[in-house]
Amino acid sequence: AAGCGSNSLENGGSSSPSSGPSSAPSSGPASADAELAAALPAKIKAAGKIVVGTDATYRPNEFLQGGKTVVGMDVDLFNAVAQKFGVTVEWQPATFNTIITGVQGGKYDVGVSSFTINAERKKQVNMVSYFSAGTLWATAKGNPKGVKADQACGKTVSVQTGTTQQLDDLPIRQKKCKDAGQPPIKELPRDKQDQATADLVSGKSDAMLADSPVVLDAIKQTNGQLEQLGEIYDAAPYGYVIPKADTQFAQAVTKALQELNADGTYKSILQKWNNDSGAITDYAVNP
Amino acid sequence: MTSDAQSRPQDAVAGRPGRIDAVPVRHPGRWVAIGVIAVLVGMLVHLLVTNKAFDWSFVFQAMNQQPVISGFLKGTLLVTALSMVVGVGGGVLLAVMRLSDNPILSGVSWVFTWFFRSIPRYILLFSMGTLGILFPQGLSFGVPFDWKLMEWFGLSGDLRFLNLDANQVFTGLVAGVIGLGLSEAAYMAEIARAGMLSVDKGQAEAAQALGMSSGKVMRRVVLPQAMRVIVPPTGNETIAMLKDTSLLVAVPVIGELFYQLQSIGTTYYKTFPIAVAATLYYLAATSVLMIGQYFLERHFGRGFGTKAPRGPRAARPAGAGGA
Amino acid sequence: MTSDAQSRPQDAVAGRPGRIDAVPVRHPGRWVAIGVIAVLVGMLVHLLVTNKAFDWSFVFQAMNQQPVISGFLKGTLLVTALSMVVGVGGGVLLAVMRLSDNPILSGVSWVFTWFFRSIPRYILLFSMGTLGILFPQGLSFGVPFDWKLMEWFGLSGDLRFLNLDANQVFTGLVAGVIGLGLSEAAYMAEIARAGMLSVDKGQAEAAQALGMSSGKVMRRVVLPQAMRVIVPPTGNETIAMLKDTSLLVAVPVIGELFYQLQSIGTTYYKTFPIAVAATLYYLAATSVLMIGQYFLERHFGRGFGTKAPRGPRAARPAGAGGA
Amino acid sequence: MPLVHAVNVTKSFHHNEVLKGIDLDVERGQVVCLLGPSGSGKTTFLRCINQLESIDGGRIWVDDKLMGYDERNGKLYRLKNKEIAAQRREIGMVFQRFNLFPHMTALENIIEAPLQVRREAKKAARERAMKLLDRVGLADRCDAYPAQLSGGQQQRVAIARALAMQPKLMLFDEPTSALDPELVGEVLAVMRELALEGMTMIVVTHEMSFAREVADTVVFMDAGVVVESGPPKDVIGNPQHPRTQAFLARLRSEHEHL
Amino acid sequence: MPLVHAVNVTKSFHHNEVLKGIDLDVERGQVVCLLGPSGSGKTTFLRCINQLESIDGGRIWVDDKLMGYDERNGKLYRLKNKEIAAQRREIGMVFQRFNLFPHMTALENIIEAPLQVRREAKKAARERAMKLLDRVGLADRCDAYPAQLSGGQQQRVAIARALAMQPKLMLFDEPTSALDPELVGEVLAVMRELALEGMTMIVVTHEMSFAREVADTVVFMDAGVVVESGPPKDVIGNPQHPRTQAFLARLRSEHEHL
Ligand SMILES: Nc1ncnc2c1ncn2[C@@H]1O[C@H](COP(=O)(O)OP(=O)(O)OP(=O)(O)O)[C@@H](O)[C@H]1O
Ligand SMILES: Nc1ncnc2c1ncn2[C@@H]1O[C@H](COP(=O)(O)OP(=O)(O)OP(=O)(O)O)[C@@H](O)[C@H]1O
Ligand SMILES: [Mg+2]
Ligand SMILES: [Mg+2]
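Chains as they are written, first to last, in this note's numbering: chain A, 43 to 329; chain B, 253 to 575; chain C, 253 to 575; chain D, 4 to 261; chain E, 4 to 261.
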């Protein structure tokens, strides 16, 4: 049943941390908790597993390995949460903008896909905070174009379309450029984050801005071709997406996160993905 | 032209003119066009060979990944085949309904075509995926034939490729095939209708006069002849479908060529080589399809003089049967 | 049947039989089918009306946003129109090349068709966008006609809709239109070729015998008749193109219906109503296109007896000209 | 009772009455030739006989079966398509434009209906088809597609195809008028032979020599009515009705110099 | 020197030699009828005259112009398509299957070439077209599409269309053989009138009465060669060559009873 074709690529790739099969709980000190298990919605209890919708194109938080296995920081962390409940997780790759609808419609039990918590989302579903991400800039090694986040006017900047960076962050900067009578930032919006990163690597753009975990990972992945520019700003929590009806379950998830934090699992998972700078402790439903 | 008039009488006197061995007409414009095309092709080849953006070694490595190959075979080729089966079958049915005397059947066919041609496949597939979860039973009841097909597929999948679990195959791929198939049926309905209308009415009447039932008339006489007109645009549709399988991610189904390649791209930040790899796969599949189309066209063109007739005498234009 | 044999002689004796006023055949199967369809339609309507996922008020609000409307008009409708102009023009040119005696021209046409049918539009648009950034001048030189069109468009854009800056329009939309147009030309080439081949050879010969040049023969005699066969699949293509404008995001061009709707969806986290809104827009555009197709078909069908002839006497089958 | 018994047959297209009450009896073994100007309704009448058109009034019986309807308790019931198809099997029809199936060889054209409709064994059907092809002089062309055959050859295959269903009645609608003058003879020869063998035939034709020689009855139609009918020597040789006379004169004028 | 002067014309399709050295002279104002069995090359020869087929050997001059080639310094140069198109304007052709443009009305069919090729003014072209339609008896049908006309009417429009280019020579390829016998007369009448007016014509036909009455010369072709030619009373009335005799006997046999 081996089939043809190889299972790994030679160049790069070596640095990507591997994880076990996605549906199996990751190894660690976490163990099931009967009190938490009682808070599980009936459907999950009956199935013995949580169906999670995720857009597996967002490295390092959730991405596909070996063509079918979803891995990443979000994955490891939520697998650990599920283990606290004594159930497994079925990761279903989906496109980002269909996940919340899928959770509302019962297609997924939970959505885990680097969702930034904000007022609109909180109106629609329960959001359980578990991580803090901000915006971070990156440039080519040595910053040859001399870009600065606050002085990007006239520079070409990569950004993924539809992200908060494109929709909220850059417009403010554009306005500043305009008010200062300087040339506008040349935006190079891309459908996918990896395309935006590729543009920066290939020199098509002078800088890139994205969620901090993504940028940190891209810097690591590209083996020194990129470097961080300035510090993380506009930090906001990521949240798990849970249906409005399952508030009790959402509360239980915060408890599970607290336990994971207490036993050190939380920290070690973040460290594994080079993301401990985003750790939080005040897990909450709809903060 | 006056020189002709003078040369003629002499010529006629000088014995009977023989073989014509004339200097052909020159087409300078045509050669310029060919030159321009040659330059463009040269530029393209130069670009392909020299531009580092292509990164050929990565392209071939990416193409040779096991999930990519299996995604191509199962997600892309198999879904294309199954969707086209549903689409062509449904399209022919819709065309027959549309051409029926019954205004209700014909109206339903029209509305179906109108609706499913309008709805983007991405949205349709997303909805199918959602429906699949809401009424799994309902769907399986609605299209027993497809389930049969998928059952067969499920088995073959288990036998040959072990990397997709059955559950995912049954929910995702079935929804994907139904969604793409329904959409395709709407397009195929128009194609099949045009094909059927192109068959001379005398053909159906001759068959009826022989005592054939309307079903037989359709299957044995009208459709085989309509195929001549149906096959070429169906080739277009199949090739388009091949690439539309990349929309399966909306269902979601990820065991498909483009998604698999993109997920490699995500890891290595090499977008362009990934696009090249996908294009090479689609080029290969398209080539095979075009060869298949050639043979299909030849098969259904038999007796229509699209090739040199084998008999001793070609048909007289006035005598060519109801063709 | 024996009852017939008995009834006949009596009947014949009883005077001349008059009008036939027979009981029609019942089609129970057909009524069952209609019943099933009615139930399905009922379910669909019930779903549409009662299911909260649709959120109709949001749907109409989203549809009424200024960027959405302008995206529909400019990104979707205008790009569809321009791409189809490039596609149909290029397709006819490719078809003429393909049918030419010159093996080089015919080969180039084949390779073009093969390549551009194989390359996914998303990837093509992505590459076009990249090319656009690499050689903005080069592109503008290559297709002066399109630039003219876009210049005209740019002006109208400045006059009517102020939300896209000219720079973006000129680089992005041009690349998008060229990419979609080239891809479409490859599909249209097959359609146009089939159409031209469907015209009786006698038509071209009659025109040649009148002293018409080959260009005139093509434009005045062959193409107008080929249109009958070309228009229906071109309708399919146009409708598909309408929805493929959503791929403009790969260029990237974002002034387009689907992207604009999605960005509203992303802001308000309502995916499904957004899908419904997009579908409604596409339904509207498709409906208009289908009406247009109807009139085009009627126009090019003139003289072919697709409608009741206006003259006092219908054609004899044996006497219908080269049709 | 005659094999074909048509009484007061009427048929309109929209508001155009094409048949205005046709009566026709054809005895078993008889050959009836139908003459008449273009548009007089000859084709339409043939098509009504085998229900390719449904009639508006009157009745047509073929072999004692009422065509297209079932009469029970004084009420007519339209037959199902299947039953109409069964009735048609007894009637062979040959068209002006041959209408051979272009995607099948001559042999396949002939065995199609026996295989598909009568579910004969393939071997037996082929053997009988080859005999029929031999009879129309085309045994050597059995593998040719229609497009590879001359018009006359195509029409002979079309006759063999109709005969393969062993019909009781043969209808011919101007079987030679789409043929080159030279090829007319070979088709008429086959039809002549068929008549000699006792086949009941209704033939629409402009070939006067054939009508004179072969027909038992000649029927002259004009504008949807039978104007004159009788033995050929009367109707052709000595027409009584002025319309018949005019028609024949028009036909003759083009050939008198030959 | 004759209007048409063809010398030793040969033409092959693949390895099938269809014309084997045809000589033909047609004087201005003459009518030549071409007879011959199917496949003898009559159509091919007509098509060679106006270069719808290019010839392999020999020469054809029409109105003192060498068709298809330019002869300079003893060398032949193939003419450009444009120049060939110009030569064709002098020659009208009428086809067996009419080949009217189905998407244009009768009037539009006729004015198409004058407008597009000779760039006549629309008004003048229309007026002349109406005169031509009147001449072929169809002025009232000017707005009908071909599909709305009978075969005879279509063929008359086709003749008018060819005449609209004011050709010096008219070629007719079996202009009546796709017509109902009744409709043959109306087309032949138009052709007869044309001949009387002095038009030079080459007519392929099976209509013996027409050939006898109108032709100055009858040419009998068989298997790509001219077998016999001369005035109609000789070739038709008293054929010398056995192949001519056999052909005429075959044609006659079908019509002798009329
Ligand atoms: N399907 C139809 N719809 C409308 N009118 C029709 C149809 N079929 C025939 N007609 C009309 O009915 C009349 C009789 O037609 P029919 O074909 O029976 O004549 P015919 O005697 O066979 O003439 P011909 O010698 O030209 O074949 C004609 O006026 C014709 O236009
Ligand atoms: N385009 C072609 N390609 C190959 N063979 C051809 C072509 N055109 C004609 N022929 C062959 O040339 C021969 C002469 O044909 P042509 O049509 O000139 O005969 P014809 O005398 O006009 O006969 P008919 O009376 O049947 O019209 C025939 O054997 C025919 O099959
Ligand atoms: Mg008729
Ligand atoms: Mg000929």
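I should point out that these hints are in silico values taken from the structure, not numbers from a laboratory.
Incorrect hints may have been included.
List time: in silico DSSO-like cross-link candidates among lysine-lysine, alpha-carbon distance up to 30 Å [said to hold, decoys possible]:
1) C:Lys-468 with E:Lys-23
2) D:Lys-125 with B:Lys-468
3) A:Lys-234 with A:Lys-262
4) C:Lys-468 with E:Lys-171
5) E:Lys-125 with C:Lys-453
6) D:Lys-134 with D:Lys-78
7) C:Lys-453 with E:Lys-171
8) E:Lys-126 with C:Lys-468
9) C:Lys-453 with E:Lys-68
10) A:Lys-286 with A:Lys-165
11) E:Lys-83 with E:Lys-134
12) B:Lys-468 with D:Lys-236
13) E:Lys-236 with C:Lys-453
14) E:Lys-23 with E:Lys-171
15) C:Lys-468 with E:Lys-125
16) D:Lys-85 with B:Lys-468
17) A:Lys-91 with A:Lys-190
18) A:Lys-234 with A:Lys-190
19) E:Lys-85 with C:Lys-453
20) E:Lys-236 with C:Lys-468
21) B:Lys-453 with D:Lys-85
22) D:Lys-134 with B:Lys-468
23) B:Lys-453 with D:Lys-236
24) B:Lys-468 with D:Lys-126
25) D:Lys-83 with D:Lys-68
26) B:Lys-468 with D:Lys-83
27) B:Lys-468 with D:Lys-23
Structure-based check of all given hints:
1. C:Lys-468 with E:Lys-23: violated, 34 Å
2. D:Lys-125 with B:Lys-468: holds, 17 Å
3. A:Lys-234 with A:Lys-262: holds, 19 Å
4. C:Lys-468 with E:Lys-171: holds, 23 Å
5. E:Lys-125 with C:Lys-453: holds, 28 Å
6. D:Lys-134 with D:Lys-78: violated, 45 Å
7. C:Lys-453 with E:Lys-171: holds, 25 Å
8. E:Lys-126 with C:Lys-468: Between Lys-126 of chain E and Lys-468 of chain C the Cα gap is close to 21 Å, so the pair holds against 30 Å.
9. C:Lys-453 with E:Lys-68: At roughly 27 Å apart (the allowed maximum being 30 Å), Lys-68 of chain E and Lys-453 of chain C satisfy the hint.
10. A:Lys-286 with A:Lys-165: Holds, at about 9 Å.
11. E:Lys-83 with E:Lys-134: violated, 34 Å
12. B:Lys-468 with D:Lys-236: violated, 45 Å
13. E:Lys-236 with C:Lys-453: violated, 38 Å
14. E:Lys-23 with E:Lys-171: Between Lys-23 of chain E and Lys-171 of chain E the Cα gap is close to 27 Å, so the pair holds against 30 Å.
15. C:Lys-468 with E:Lys-125: holds, 17 Å
16. D:Lys-85 with B:Lys-468: holds, 11 Å
17. A:Lys-91 with A:Lys-190: Not satisfied, since the Cα-Cα distance of roughly 47 Å exceeds 30 Å.
18. A:Lys-234 with A:Lys-190: Satisfied, since the Cα-Cα distance of roughly 24 Å is no more than 30 Å.
19. E:Lys-85 with C:Lys-453: holds, 20 Å
20. E:Lys-236 with C:Lys-468: violated, 45 Å
21. B:Lys-453 with D:Lys-85: Holds - the C-alpha atoms of Lys-85 of chain D and Lys-453 of chain B are around 20 Å apart, at most 30 Å.
22. D:Lys-134 with B:Lys-468: Judged against 30 Å, a Cα distance of about 25 Å means the pair holds.
23. B:Lys-453 with D:Lys-236: With Cα atoms ~38 Å apart, Lys-453 of chain B and Lys-236 of chain D exceed 30 Å; violated.
24. B:Lys-468 with D:Lys-126: Within the cut-off at roughly 21 Å; holds.
25. D:Lys-83 with D:Lys-68: With a Cα-Cα distance of about 15 Å, the restraint between Lys-83 of chain D and Lys-68 of chain D holds, given a limit of 30 Å.
26. B:Lys-468 with D:Lys-83: holds, 15 Å
27. B:Lys-468 with D:Lys-23: Between Lys-468 of chain B and Lys-23 of chain D the Cα gap is close to 34 Å, so the pair fails against 30 Å, i.e. violated.
In this structure, the hints that do not hold are numbers 1, 6, 11, 12, 13, 17, 20, 23, 27, in rising order.
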